[in-house]
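Chains X and R, in that order, give the protein sequences.
The first sequence begins at 1 in the working numbering and counts up one residue at a time.
The second sequence begins at 1001 in the working numbering and counts up one residue at a time.
A portion of the hints provided could be inaccurate.
[As the list claims (entries may be wrong)] In silico lysine-lysine, DSBU-like type, Cα no more than 30 Å apart, as pairs: (1) R:1147 x X:106; (2) X:106 x R:1152; (3) R:1289 x R:1278; (4) R:1360 x X:211; (5) R:1491 x X:106; (6) R:1289 x X:106; (7) R:1278 x R:1050; (8) R:1152 x R:1318; (9) X:143 x X:189; (10) R:1356 x X:211.
For the record, the hints were derived by calculation from the structure and aren't laboratory data.
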Amino acid sequence: MKFTFFIGCNIPTRVQQYELAARAVSKSLGIELVDNPDFKCCGNPIRNTDQQTFLLMAARNLALAEKQGLDMMVLCKCCFGSLKKAAHFMAQNPQAQADINSHLSKENLNYSGTIEIKHFLSVLYHDIGIKTIKETITQPFKKLNIATHYGCHALRPSDVTQFDDPVAPVLFDALVKVTGAKSIDWPLKLECCGAPMYGIMDSLSMDLTQKKLADGLGAGADYLCVACPYCQMQFDNVQSQMMSHNKHKHNLSSIVYPQLLGIAMGLSGDELGLGQNILDISNIESFLE
Amino acid sequence: MFYNTATYIALAIFTVGLIYKMAGWFRFSIDMQNKTRTPQASSRILMAIKGIITTLFSPKILILIRVFIEDVLVQMRILKEDTLRWLMHMLIFAGFMFLLFTHALDKFIFTSLFNKFYLTLNPFLLIAGLMVITGVAISLYRRLILKVPRLKTTAIDYYALIILAIIILSGITMELTKLTSYEYYQTIWIIHISACLFGLAYLPFSKMLHIFTTPLSLLTNAAMDEKSIQENIKTRQIMELDACTRCGTCSNRCSVAVAFDHLGNKNILPSERMEFLKAYYTDKNIGPKGLAAIQQGIYLCTNCDRCTVVCPAGINLKELWFNIREEMIGHNQLVELILTPFSYYRGLQVSRFDAKQYNKPLAITWEKITDPYKLLRQPDDTIPLTPKNQEFKKSVGLSPQAKTNAYCFTCENCSTVCPVVENYEDPQKDLDLLPHQIMRSMGLGIKDLAMGSKMLWSCLTCYQCQEHCPQGVKVTDILYELKNLCANEAKQGIKTEKQNNCE
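Using the sequences provided together with the hints, build the complete structure.
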């Protein structure tokens, strides 16, 4: 199984542990990841003010993947949503696609819509399968309560992303359960982490984050589990900022999914970048059987 | 006589030029917002000396030796990017350095050490000369025929290549004519010596200054981090502007370079921003048009740090951007990109700001983005039933997804599931309008309501509203389109404002 690997902008500089762990876990599961140094920003940040530029930025990456002849595996849910949206938009608007292609032709690129864009979790769930993953678990967790955070841009709009059922998703829960951990029910499971408004209206952003953290703790979670760099930065970097400001007393550390899976697979802490999280997660190993 | 006088004059100009350049490193500073707190040049010189001495007598010397070998001599950073470019640079670098030490400075260095080898050296001189010429030829090939992406060629680059070519070609011709024609030899000798001395005298003002500044940038950046003495960081940042050769590596790797292809604002490209900075730090008068362009260029950045990772001169570009970003958005002007996820990085860096400095650009942009749409801020005005703004109604109904607003029957599902609305005790007080009201304003063609609410720019884009709309209204996508329209109008507004100011 072979994918071209889309890492995005945030992961290589601010959430390196996600990339490390995803590569380690993929290797163990036989997923071959091909790097493409020409991939650039997915376009998501500029959607608010300039959709044309957004489309071009997203489409260029898709065209590069097409040139490689490989389906794309995306780590970031905002990148995933953005690329999916662009692909969907062009499929519905042939004229827009032609305009984009006339731009791309300057770089000898062309997008025709022949590749699939998949999020990392979808690859694990659909292409590898829970059964195969289960066989690789060497040290399952016990009595570990995980608040599984789905992330908006993978889940919705469901007609575009086609990730899972937008109201009652099961994919991420199943992937958490296979590690032996319990994926708890918590009311705000499908809500936004708050990241999109951070840096723009910090009070709103932190209010939403705080609600989620309180909700997860109230439901008995030991850790949050995410699969998106923005969600991770919000629950890790921003939560630690909130704690240092004393505005906020909760502490619910967040672990990136491949870290959780990797521990249960018996991979070493260094391979999974466990020490790179800002809020300490080392205690999670005490939940191993 | 001519030779000696000319040499001393050239050396004098070179020395004065170098001192003038170096003085600039200590006199200026990039983060001009804190100008009042910028320390005196004299104290910065002392700090630099202190920094150099403490580094040389610390374990960091080992790092410096490694960087000197890997990045200065072997130039691994260039090799990693592009083999042909490395070959080109290595031919020029190795050939030129060989000629410099064994030929130009032979009296001082080479003959004093190995005086018996002078005669046998001639073939080596020829080989070194040919190496440089081959390097120059490869460079011209890359620039003119291969047209390497994002490699801009200007007069500065041509000057560097031409002076090198004249020095080497005249040198080779001179050696070849030495035995055949003395007259011819004398003429060529004058050309050769004049070119060398001109090159030397003009060096501090030309691209060739990078012979000194690029290794200096590589070494200082290897030894320094953000905890280093603040004065030295300021000094290094100005010095780095002289270390940039505008090789285009950063722009080639830049995550948002595609936006430049579409928007045509060259300030989006990091290497072009370096050019801007070189002019800006001495003359801050850039005019409103220049300001808007640099604001967009500096803010349209995902802070992926790729430019810093790949820079062959080891320049800490990300810190330069950090400083200049604050300088540029601190003006009393709307920067619509502040209301996008590009701001996330700035939020993560909040501890580096004082609260006032952090909040000012945000507050100004929030105020100005809703300012043109007066209706919401005049609650006593009654909304006229007619005429509706038909033109607006048409303009927002252009895209297939925006047309879906017509299906809205105001069930308020979107506003009920919206986590932003839910966050406020009295959402209408904080957000002006709720999502369903924005949808209806579009249906009624009331532009001020559709575009002027804080709700519009507080949208998380979490797509709860769109997912839960029983009528299939693409609520989030429509909010995106309205934000686009708003941003466009804001830009137009800035333009007309500027035109008025210019008149």
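Structure-based check of all given hints:
1. R:1147 x X:106: Cα-Cα ~13 Å, so holds.
2. X:106 x R:1152: Between residue 106 of chain X and residue 1152 of chain R the Cα gap is close to 17 Å, so the pair holds against 30 Å.
3. R:1289 x R:1278: 18 Å, holds
4. R:1360 x X:211: OK: residue 1360 of chain R and residue 211 of chain X at ~27 Å, within 30 Å.
5. R:1491 x X:106: 28 Å, holds
6. R:1289 x X:106: Between residue 1289 of chain R and residue 106 of chain X the Cα gap is close to 29 Å, so the pair holds against 30 Å.
7. R:1278 x R:1050: 27 Å, holds
8. R:1152 x R:1318: Since the Cα atoms of residue 1152 of chain R and residue 1318 of chain R sit roughly 21 Å apart, the hinted pair holds (cutoff 30 Å).
9. X:143 x X:189: Roughly 20 Å between the alpha carbons, so the hint for residue 143 of chain X and residue 189 of chain X holds.
10. R:1356 x X:211: With a Cα-Cα distance of about 27 Å, the restraint between residue 1356 of chain R and residue 211 of chain X holds, given a limit of 30 Å.
This entry satisfies every hint, going by the numbered hints stated previously.
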